[in-house]
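Generate the whole structure from the sequences, applying the supplied hints.
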Amino acid sequence: MTNSEHPPGTAAPPPRGRLAERLLPGGEEPDPRFTLANERTFLAWIRTSLALLAGGIALEAFTSGLFIEPVRKGLAIILLLMGMMLSGGAAMRWLRVERSMRNKAPLPLPFFVPLLAGAGALTAAVVLVFVLLR
Amino acid sequence: MASGAPRPHGDPGLQPERTALAWGRTMLALVTASAFFLRWLPTYGPPILMLPAVSGAAALAIYLTQRRRYRARSHGLAGESIEADLSAVLWTAFAGVVLGALGVVVVVTG
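Chains as they are written, first to last, in the numbering used here: chain A, 1499 to 1632; chain B, 7 to 116.
In short, the hints are calculated from the structure, not lab data. Please note that a few of the clues may not be correct.
[Stated by the list, open to error] Some, not all, of what chain B presents toward chain A, calculated at C-beta under 10 Å: (1) G19; (2) F43; (3) Y69; (4) L70; (5) A90; (6) F100; (7) G102.
From a predicted model like this one, the values you see are computed outputs, not experimental measurements. Beta carbons are placed, not taken as given, at the ideal position from N, Cα and C, and that holds for glycine.
Printed below as a string of structure tokens:
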């Protein structure tokens, strides 16, 4: 695998790992500040995902007096699956943003923002209905 | 604030510090989640212990690499070149996915 895309007269970029060459090919190194900002955003999503995971586990254990079992388990599993998707999606998004920055392309839209907002509103509505009807 | 740029990287936006703090927050969130999972041991029984094992290991891994990461980043920024930390991102996301999968198993079987 050759890495001779840089124009002549400029310094060769420092060697990168094989995984980095495969998953983040081409382009040029973005401003290091952007790389760090992308990483912090990724970590913020990971913490959100952890909150969903902890919430899912707590919901199942905590609400046995409030919900019938299928609703309880269903909501817990929805939260856990959303936490999983968010963790995986955060890494995917980090990769796509990093690729866009390498190629100086527009940043991708965060597709899971509306998804997360919708699911959050739905969960809150279900809880509200159950609390009111209890 | 004293004049002159902070050392050793000279970045007035303190990017390496902010990124190290973001990792630190994530580590604390993992520790909190571990304690939280342990809290439900009486409800779920021993299978729930798989979760704090994963989240605790992830927190420990971050703790043990913090110093090295900060050092690499602050020196990298001084030379205007930081390599994206692909493996840290992938491992962290993997831990989240595994936690979710184990959680589903525990909820379904519990």
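We went through each hint and held it up to the structure:
no.	hint	in the structure
1	G19	holds, 7 Å
2	F43	holds, 6 Å
3	Y69	violated, 15 Å
4	L70	violated, 17 Å
5	A90	holds, 5 Å
6	F100	holds, 8 Å
7	G102	holds, 3 Å
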